[in-house]
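Peer 1: In order, the protein sequences belong to chains A and B.
Note that the first sequence covers residues 1 to 336 in my numbering.
Note that the second sequence covers residues 1 to 241 in my numbering.
Read the hints as simulated data drawn from the structure, not as lab findings.
Please note that a few of the clues may not be correct.
Unchecked claim - Listed next, the stretches of chain A that the computed footprint assigns to chain B, with coverage defined by at least 3 CB atoms under 8 Å from CB atoms of chain B:
| id | region |
| --- | --- |
| 1 | 187 to 197 |
| 2 | 205 to 217 |
Said to hold, decoys possible - Just the calculated beta-carbon pair ranges, DEER-fashion:
| id | chain 1 | residue 1 | chain 2 | residue 2 | range |
| --- | --- | --- | --- | --- | --- |
| 3 | B | Arg-135 | A | Ala-150 | 35 to 41 Å |
| 4 | B | Gly-22 | A | Thr-189 | 53 to 59 Å |
| 5 | B | Gln-216 | A | Thr-317 | 27 to 33 Å |
| 6 | A | Arg-101 | B | Asn-45 | 36 to 42 Å |
| 7 | A | Arg-106 | B | Asn-45 | 43 to 49 Å |
| 8 | B | Thr-93 | A | His-102 | 56 to 62 Å |
| 9 | B | Gly-22 | A | Gly-126 | 32 to 38 Å |
| 10 | B | Gly-240 | A | Lys-188 | 34 to 40 Å |
| 11 | B | Leu-112 | A | Val-108 | 41 to 47 Å |
Claimed, not checked - With a cut-off of at most 20 Å between alpha-carbon atoms, the simulated SDA-like pairs for lysine to any residue come out as follows:
| id | chain 1 | residue 1 | chain 2 | residue 2 |
| --- | --- | --- | --- | --- |
| 12 | A | Lys-188 | B | Pro-232 |
| 13 | A | Lys-238 | A | Ala-290 |
| 14 | A | Lys-107 | A | Leu-164 |
| 15 | A | Lys-188 | B | Ser-99 |
Where is the CB? At the ideal position from N, CA and C, for every residue including glycine.
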Amino acid sequence: MDILNAFVVFANFVLLPALTYGAQLALGALGATLIHGILRFSNFAHGDTMAFGTAITILATWVLQAMGVSIAPLPTALLAMPAGIAATILVVLATDRMVYRHYRVRKVSSVTLVMASLGVMFVMGGLVRTVIGVDDRQFADGARFVFTAAQFREWTGLTETLALRSAQVVTLVTTAIAVIWLQWFLKKTRTGKSMRAFSDNENLALLSGINPERVVVIVWILSATLATLAGVLYGLDKSFRPITYFQLLLPIFAAAVVGGLGNPLGAVVGGFVVAFSEVFVTYGFKKVVAYLLPAGLQPDGLLQLLSTDYKIAVSFTVLVLVLLLKPTGIFGGKSS
Amino acid sequence: MSETANNTPFLIGEGMTGGYGGADILNGCTIAVEKGEIAVIVGPNGAGKSTAMKAVFGMLKLRKGSVRLGGEDITRLQPQERVAKGMAFVPQTENVFASMTVEENLEMGAFLRRDDFRGTMEQVYALFPVLRDKRHQAAGELSGGQRQQVAVGRALMTEPAVLLLDEPTAGVSPIVMDELFDRIIDVARTGVTVLMVEQNARQALEVADRGYVLVQGGNRFTGSGADLLANPEVRSTFLGG
Numbered sequence: 001m002d003i004l005n006a007f008v009v010f011a012n013f014v015l016l017p018a019l020t021y022g023a024q025l026a027l028g029a030l031g032a033t034l035i036h037g038i039l040r041f042s043n044f045a046h047g048d049t050m051a052f053g054t055a056i057t058i059l060a061t062w063v064l065q066a067m068g069v070s071i072a073p074l075p076t077a078l079l080a081m082p083a084g085i086a087a088t089i090l091v092v093l094a095t096d097r098m099v100y101r102h103y104r105v106r107k108v109s110s111v112t113l114v115m116a117s118l119g120v121m122f123v124m125g126g127l128v129r130t131v132i133g134v135d136d137r138q139f140a141d142g143a144r145f146v147f148t149a150a151q152f153r154e155w156t157g158l159t160e161t162l163a164l165r166s167a168q169v170v171t172l173v174t175t176a177i178a179v180i181w182l183q184w185f186l187k188k189t190r191t192g193k194s195m196r197a198f199s200d201n202e203n204l205a206l207l208s209g210i211n212p213e214r215v216v217v218i219v220w221i222l223s224a225t226l227a228t229l230a231g232v233l234y235g236l237d238k239s240f241r242p243i244t245y246f247q248l249l250l251p252i253f254a255a256a257v258v259g260g261l262g263n264p265l266g267a268v269v270g271g272f273v274v275a276f277s278e279v280f281v282t283y284g285f286k287k288v289v290a291y292l293l294p295a296g297l298q299p300d301g302l303l304q305l306l307s308t309d310y311k312i313a314v315s316f317t318v319l320v321l322v323l324l325l326k327p328t329g330i331f332g333g334k335s336s
Numbered sequence: 001m002s003e004t005a006n007n008t009p010f011l012i013g014e015g016m017t018g019g020y021g022g023a024d025i026l027n028g029c030t031i032a033v034e035k036g037e038i039a040v041i042v043g044p045n046g047a048g049k050s051t052a053m054k055a056v057f058g059m060l061k062l063r064k065g066s067v068r069l070g071g072e073d074i075t076r077l078q079p080q081e082r083v084a085k086g087m088a089f090v091p092q093t094e095n096v097f098a099s100m101t102v103e104e105n106l107e108m109g110a111f112l113r114r115d116d117f118r119g120t121m122e123q124v125y126a127l128f129p130v131l132r133d134k135r136h137q138a139a140g141e142l143s144g145g146q147r148q149q150v151a152v153g154r155a156l157m158t159e160p161a162v163l164l165l166d167e168p169t170a171g172v173s174p175i176v177m178d179e180l181f182d183r184i185i186d187v188a189r190t191g192v193t194v195l196m197v198e199q200n201a202r203q204a205l206e207v208a209d210r211g212y213v214l215v216q217g218g219n220r221f222t223g224s225g226a227d228l229l230a231n232p233e234v235r236s237t238f239l240g241g
């Protein structure tokens, strides 16, 4: 029995990665769920919107790096992010003006808007690839670790070790700030309350004099900002590749549906539920269990339920289970 | 119309004819309320009671007829513009922001106001004391009667001159219904003109200064609440004897 070493292995390979990934999904799901709450459709272009924001941020990062600007130990991308956010806001607002508003005025059904967003997704994906190409890109700079595995071993003297990467800390801190700010905005400000009112009961919101077009503009701004944040943090933590961001759409919607579509706090919880499910199911627990069991009972296998290739299937399964068992999500949003 | 300004009712929908696109639901129906009075629209199911009120609020397009508020023709105004003119409408269903607290519901009612509306909120709490106790609770968690109070309270937050209520007592218990009617009388006493549609015709006519019995989108009987209650034909046909 070596609970301490077991925990260190667990923290290094499950807890930290899942927390980080969960935070990134939470930010992505927040943007998608806000759009669903106000505009009442699932925005399939959200993954590619994340990619667009990240691509512009990478370009701005290169410019800053070329100019010799650095905020080390923090990654330069954090400084470049406002440019990415601004560009993404402009693009989604233009998209709304050119595509969605046309359908909104005609009061089309939600499915029509979803299909329109599918078209926007292809265009946005093409735009991203035109801007930055299809390759895998690493753009994280600054300090790579808060503390390395070697440092951790030196401090603790444990057999197992743990590294804390800067990208993980940056992700968790940024997500916490974004979620707390958004919660404050929605609960305390007049504009935020009017958005919740609009999401809750559109007709009554109109009767109360809430301007629907203003609500729509603000929700796009929030959604574009959150998408860029999510995309940049994911790229810093792992890497940027357009196709990967498209694939993030599934876990992001799984997260939003788990928490209840249209429910911001639910989206955050849903992000962590999906991330932890993915990591739990695809991690081999052999080493953790080995530390916990007496010498004679060592497991032979890897104790891995699924190969990591099936990662995407996990969020799909979570999505299907929630839709089957509780379509309104654990916190009760709109039925999807 | 040859009437002079001082005997023109404060709010009048006159000779209203129209529907939601298909056949006409209203056939030359006239509804009028004097300032600070309560007018009630009653009638059998499908008589166009709610439609008549929605027409007054501008939620359907009239083919004929006009709506005037305080002598001003508002026939062409959108519902939102009528809100700005001092009209407030409480729909029959989905009339609160269920996920928001009672206080937030009232704040949203005052959304168009840029001045300090805390005084109005105090008046609403004075009128519906139970709402003050539940002000931090989500409106969707309240009982039917309390929810109706939130709905009326939200509408009062703009300090409207006219309050339109679409079946305010639908689905509440008889005790709560009496209580709600009492509150509506209180609202009218503060000078607010009230026009409401009611299923519970007898109780509604008891509180009404003026009653309209609609049948097939037209006026069948019109008179003071007491007159209509005393009218044997109204009693036998619409009030169940």
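Peer 1: State, for the Cβ atoms of B:Arg-135 and A:Ala-150, whether the hinted interval 35 to 41 Å holds or is violated.
Peer 2: The hint (35 to 41 Å, Cβ to Cβ) is violated, given that B:Arg-135 and A:Ala-150 are roughly 57 Å apart.
Peer 1: Counting residues of the region 187 to 197 of chain A with a beta carbon closer than 8 Å to any beta carbon of chain B, are there 3 or more?
Peer 2: This one holds; 5 residues, not fewer than the three required, reach chain B with a Cβ under 8 Å.
Peer 1: Taking only the CA atoms, is the gap from A:Lys-107 to A:Leu-164 under or equal to 20 Å?
Peer 2: Given pair A:Lys-107, A:Leu-164 is violated - Cα atoms ~50 Å apart, limit 20 Å.
Peer 1: Mind taking a look at whether chain B covers the region 205 to 217 of chain A? Criterion is 3 or more residues with CB to CB distance under 8 Å.
Peer 2: holds (count 6)
Peer 1: Quick one: are A:Arg-106 and B:Asn-45 within 43 to 49 Å, going by C-beta?
Peer 2: Violated - the Cβ-Cβ distance for A:Arg-106 and B:Asn-45, about 33 Å, lies outside 43 to 49 Å.
Peer 1: How does the Cβ-Cβ distance of B:Gly-240 and A:Lys-188 compare with 34 to 40 Å: does it lie in that range?
Peer 2: 51 Å Cβ-Cβ, so the 34 to 40 Å window is violated.
Peer 1: Please verify whether A:Lys-238 and A:Ala-290 have alpha carbons no more than 20 Å apart.
Peer 2: violated, 29 Å
Peer 1: Please test the hint of 53 to 59 Å on the beta carbon pair from B:Gly-22 and A:Thr-189.
Peer 2: violated, 43 Å
Peer 1: Would you check the hint for A:Lys-188 and B:Ser-99, treating anything up to 20 Å between C-alpha atoms as holding?
Peer 2: Holds. A:Lys-188 to B:Ser-99 sits at ~15 Å (cutoff 20 Å).
Peer 1: May I ask you to test the hint 36 to 42 Å on the CB atoms belonging to A:Arg-101 and B:Asn-45?
Peer 2: holds, 39 Å
Peer 1: Verify the CB-CB distance for B:Gly-22 and A:Gly-126 against the hinted window 32 to 38 Å.
Peer 2: Distance hint for B:Gly-22, A:Gly-126 is violated at roughly 45 Å.
Peer 1: Is the straight-line distance between the alpha-carbon of A:Lys-188 and that of B:Pro-232 20 Å or less?
Peer 2: violated, 56 Å
Hint check: violations occur at hints 3, 4, 5, 7, 8, 9, 10, 11, 12, 13, 14; the rest are consistent with the structure.
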